[in-house]
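Visitor: Spelled out from the first residue to the last, the chains are:
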Amino acid sequence: MQNNVENFLAQLYADPQERARFLHDPMTAAKAAGLSEWECAEVSKISPHELARAAGSFDRKREVKKRHRRLSNVRRLLRWIKDIL
Amino acid sequence: MHTDRVGIGWRPELAADILSSLDQIDVLELVASSSVQASRRERMALRLIARQAPVHIHGVDLGLAGSEEVSGRRLDAMARLIHDVEPEAWSEHLSFVRAGGHEIGHLAAPPRSQASVENSARNLRKAVDLIGAQPAMENIATLIQPPCSTLSESAWMSHIAMTSGCDLLLDLHNLYANSVNFNFDPLQFLGELPLQRVRTIHIAGGRWITSPEGHGQYLLDDHLHAVTGPVYELLAEVASRVEQPLTVILERDGRYPEMPLLLEELEKARQALHTGRQRAAPTQPTNADAMVLACHRR
Numbered sequence: 001m002q003n004n005v006e007n008f009l010a011q012l013y014a015d016p017q018e019r020a021r022f023l024h025d026p027m028t029a030a031k032a033a034g035l036s037e038w039e040c041a042e043v044s045k046i047s048p049h050e051l052a053r054a055a056g057s058f059d060r061k062r063e064v065k066k067r068h069r070r071l072s073n074v075r076r077l078l079r080w081i082k083d084i085l
Numbered sequence: 001m002h003t004d005r006v007g008i009g010w011r012p013e014l015a016a017d018i019l020s021s022l023d024q025i026d027v028l029e030l031v032a033s034s035s036v037q038a039s040r041r042e043r044m045a046l047r048l049i050a051r052q053a054p055v056h057i058h059g060v061d062l063g064l065a066g067s068e069e070v071s072g073r074r075l076d077a078m079a080r081l082i083h084d085v086e087p088e089a090w091s092e093h094l095s096f097v098r099a100g101g102h103e104i105g106h107l108a109a110p111p112r113s114q115a116s117v118e119n120s121a122r123n124l125r126k127a128v129d130l131i132g133a134q135p136a137m138e139n140i141a142t143l144i145q146p147p148c149s150t151l152s153e154s155a156w157m158s159h160i161a162m163t164s165g166c167d168l169l170l171d172l173h174n175l176y177a178n179s180v181n182f183n184f185d186p187l188q189f190l191g192e193l194p195l196q197r198v199r200t201i202h203i204a205g206g207r208w209i210t211s212p213e214g215h216g217q218y219l220l221d222d223h224l225h226a227v228t229g230p231v232y233e234l235l236a237e238v239a240s241r242v243e244q245p246l247t248v249i250l251e252r253d254g255r256y257p258e259m260p261l262l263l264e265e266l267e268k269a270r271q272a273l274h275t276g277r278q279r280a281a282p283t284q285p286t287n288a289d290a291m292v293l294a295c296h297r298r
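Each protein sequence line maps, in turn, to chains A and B.
Take my numbering: the last position of the first sequence gets the number 85, and nothing is skipped along the way.
Take my numbering: the last position of the second sequence gets the number 298, and nothing is skipped along the way.
Hints in this document: simulated from the structure, not taken from any laboratory.
Careful: at least some of the hints might be erroneous.
What the hints assert, rightly or not - Heads up, incomplete: computed chain B residues facing chain A, CB under 8 Å, no partners named: (1) Gln145; (2) Pro147; (3) Cys148.
Virtual Cβ for every residue (Gly too), placed ideally from N, Cα, C.
Looking at chain A on its own, in the form it has when it is part of the complex:
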């Protein structure tokens, strides 16, 4: 199922603990996620180096977004204060 694979990949990209579990034992992690036999075999072929690069890049993007969100909340608050004064 496509959505099972995407859920599994999203978890690998966003959750360092799940990623470590997968890298330690890909087949067991994939089976635990409910992937079919073929999907388990396919995700087991993921290159650990590619996964590390991609996950590192996603981690940085999430961090930047978090910072932007904080800034935009501050901006919105300032706008609100300005409007009521």
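Given the coordinates of chain A, assemble chain B onto it according to the supplied hints.
Guide: This is chain B only, laid out in the frame that chain A set:
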């Protein structure tokens, strides 16, 4: 006579320089995520900008190629932005950005399969229903080969274009980065795409990263560096292979140089388009072109 256009992504940091250089900029692209939360006054400002130059709106977080149904709330926000700004066109990415409750934080490549072709078509239909216009869909840069893929990237893109009827936004730096990182020929990739569906092109720069694990170098599509020669060469190549007018957008997301240097990059893009048009031979439809044409005749 081609009427190719060259423009740049609108960034608040570049606003004053862009507005004072509009005589050298044909089109602007607004990133939707930074605009959907804009206040009414900011939206009015964006609308005024859209009256000064043609504007495209570029979405980054709808996840239209994902298996999860695209959120109606996100589409409504995009629809409101499009209604307020009145852009000439809008675009999104061939990616998923969330699944199973996990926000990935950026554009991720889904498994390239018939299932994701159908998911993309379903999400695109919903987007068109709510927004009233079809987005152009952009190829992404990826640092990982999506597992469980049964189609090549070019075949996958062609199938999505055929099934949904959408245009393609071709990001040449994404293509170049993927080709060097995964060792394939970008020219062959171009030959496998329905290029007559490409009306908009992104160009950008990146940087080479030495892999910390000692596995050589890879090219990161960071939008923080100048466009390099191979990307201009690919641009000339696309211009030589198509007849329709092309709109080229320079994407730059930080470490901004002085405006004259960015304008120089736009000029190089114009020259690459000109070179490609000069080089153009009578066009032979590719296999992918023929498939799309046959699909439309039906």
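Visitor: Would you mind marking each hint as holding or not holding in the structure?
Guide: Structure-based check of each hint:
no.: 1; hint: Gln145; result: holds, 7 Å
no.: 2; hint: Pro147; result: holds, 5 Å
no.: 3; hint: Cys148; result: holds, 5 Å
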